[in-house]
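Chemist: The residues making up each chain are set out below.
There are 2 protein chains.
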Amino acid sequence: MDHAAGKPVDPRVLEVTKPYYTEIFGNPSSLHSWGSEPRKAIDEARTNIVDLIGAEKKEEIIFTSGGTESNNLGIKGITYRNRKKGNHIIISAIEHISILNIGKFLTKNGFRVSIIPVDDYGFVDVEALKEEITKETILISVQYANGEVGTIQPINEIGEIAHDHDIYLHADGVAAVGQVPINVEEENIDLLSISSNDLYGPKGTGALYIKHRTRLETIMHGGGQEHGWRSGTENTPNIVGMGKAAELAKLEMPKESKRLTKLRDKLINGLLSSIDESFLNGHPTKRLPNNANVRFSWIEGESMILSLNMVGIATASSSACTSKTLEPSHVLIAMGIPHEKVHGALLMTLGKSNSEEDIDYVITNLQDIVARLRAISPLTPKK
Amino acid sequence: MDHAAGKPVDPRVLEVTKPYYTEIFGNPSSLHSWGSEPRKAIDEARTNIVDLIGAEKKEEIIFTSGGTESNNLGIKGITYRNRKKGNHIIISAIEHISILNIGKFLTKNGFRVSIIPVDDYGFVDVEALKEEITKETILISVQYANGEVGTIQPINEIGEIAHDHDIYLHADGVAAVGQVPINVEEENIDLLSISSNDLYGPKGTGALYIKHRTRLETIMHGGGQEHGWRSGTENTPNIVGMGKAAELAKLEMPKESKRLTKLRDKLINGLLSSIDESFLNGHPTKRLPNNANVRFSWIEGESMILSLNMVGIATASSSACTSKTLEPSHVLIAMGIPHEKVHGALLMTLGKSNSEEDIDYVITNLQDIVARLRAISPLTPKK
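Residue numbers (my numbering), protein chains in the order written: chain L, 57 to 439; chain D, 57 to 439.
Chain L extracted, bound-state conformation (with noise of 0.2 Å):
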């Protein structure tokens, strides 16, 4: 129930990776035919990306060494290389850490960054965006979907405002590439961010999507790799991994997020039905597939996250990265949920390996943990 925050790769991921460690191990970059295998074999990775996302051609996916790293270059690599045109930024205020840490970055180095408001659900207020817009605006960068709360944003409407107004769009697919289907080209994308685990494929590798004669300062300095964008030996068997994972989501996901949306709303349906006082966090509707997000009064996220691990049930907080912080999640926070409400969230992320009976024993040991909890919490009030 923890997906989002690591996957099991897929073993037929794994399958094809193999002779890449002990066989096929050439460079890419060397002369000599040892590395023109591994050669065809990220290219062939990159078109299954293209495939999946709905790009026009293998030259715009550059791989990277996951998430993190597609989101510190696809901003910060389109920032400089634009910095004389203007050193104004947008993003919203429920992006992922590394986003909103990007964002601070560059605001001690000569940027501005405006961070845009969500309402309730989580959605991004467009007003507002168009609000900020001024000449100076280069980048507008804003998630596909949250992977905390699984609102999907109107990222396609965002699109069309940045390219009015000849601004870049940057959206973070972490969260939803492999969970709802999403075409670059149609919804007005120009970089997307991809991460391979969150495809069920090897952790450490990730791509971001460059829409054709967009320009980019690199962030690696090196032997020019990747078109001079990414410099680093390739990772071939974890790029090989990742090309496989993207071809079998793009296959399976017709199916797999019907399947993933049944047993969420089972989930949600259950315990907002059973428990009194929960309230789903997030859209009913225009959510991930895998994703559930129920916050209870008066108990913490923590104690409940602690009584589950204890029943074999894994959940999270808040998003992995942070939850050791403890701190309150931004994204609950910035949809203007109350301080000592938030700490109440449980967020849970389905997978491949759920079922319709591991939804069941969730629901029902949610009910006595929920129970038990509130019964020794200060914070529940007197009957």
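These aren't lab readings, by the way, just hints derived from the structure by calculation. Among these hints, one or two may not hold up.
For identical chains, the list gives no copy identity; a pair is met inside one copy or between any two copies.
[Stated by the list, open to error] Computed cross-link-like contacts, DSS-like style, restricted to lysine-lysine with a CA-CA straight-line distance of at most 27 Å:
id : residue 1 : residue 2
1  : K322      : K267
2  : K306      : K160
3  : K191      : K164
4  : K74       : K408
Quantities reported herein were computed from a predicted structural model and do not represent experimental measurements.
Chain D: place on chain L using the hints.
Modeler: Just chain D now, kept in the frame of chain L:
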């Protein structure tokens, strides 16, 4: 014979990484128990690297996506963090292309970069280095050993000079770590870049040793993993694999480096003694055990590579990451070898799989190939 470009992953390394793809796939930053096993495994990997390079404690090791990122983080991290102290850094003329390109980037961004020449063997001119030091100097970056000509630098001496002037020393250890014993404490190294694949670990992973109390600016903004210095979800299987590779390197280096040194000298002496007008690039003894770089007058390295390829031998003309460009090696040029002779250089890097018979096979074939290419080369002097 092209182990510098890409190495197979050691089967023992591959074995230990397996469970981390499909079973122990939790996020090391997660609160629940699925996160604690990966967290522990990553810490063990740190300890293995500490042991290999003579560091003090595991907190000094940061995992990255490879040698290129380690170089970027080490150099940009120190320079941006110490900008107020000074804006001058010193590198050598034969650094890896990533470091030369970082130098160009820094030059464009308000820093001054001095490039120190090397002698005929590729040794950094220590006197010239001393003369470049000013009160503004904050970092010296010199590679531990050169991957192309194998020359091992007097790092200890350079480190002493750096520390006498309160300057940080970064050493690019990509070509050296695992080949020769390194002790960062004794050798005055503050930052050391390491690549996993060069230790027969998985590609796409590396590490940066950062001496206790040294502070960096991050270059990858995000969730604050790796003490905030390198954000991005940890690539657990690769990190575990790199740890195992480091453990094996430490264990097997004494024997393997002796074996490789013997093979290397057999190869070099076999070629120099049987082929007229053939010369060793780099120093005969102060060189990496796995490195043989020989130049042959009047012929092109590329023709040799392709001819050797046809008899099943992989080699390189210069560093793999730039060999596609066919530009003459900046290392050999810096060593004062004339342009027309640089093109006749052949880089052979030995590894675990190479045997005495391989060496004999290469020598015999190269004798034929050199003779044939010289017979048709317009550069060969008429007798």
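Chemist: Pop the pair K74 and K408 into one bin, within, between, both or neither, using alpha-carbon distances up to 27 Å.
Modeler: both (22 Å within a copy, 20 Å between copies)
Chemist: Between copies, within a copy, both or neither: which fits K322 and K267 at Cα up to 27 Å?
Modeler: Classified as neither: same-chain Cα gap 39 Å, cross-chain 52 Å, threshold 27 Å.
Chemist: If the cutoff is 27 Å on CA atoms, where do K191 and K164 land: within, between, both or neither? Let me know, please.
Modeler: both (21 Å within a copy, 26 Å between copies)
Chemist: Given identical chains, is K306 near K160, meaning Cα to Cα at most 27 Å, within a copy, between copies, both, or neither?
Modeler: neither (35 Å within a copy, 41 Å between copies)
The structure fails to meet hints 1, 2 from the earlier list, while all remaining hints are met.
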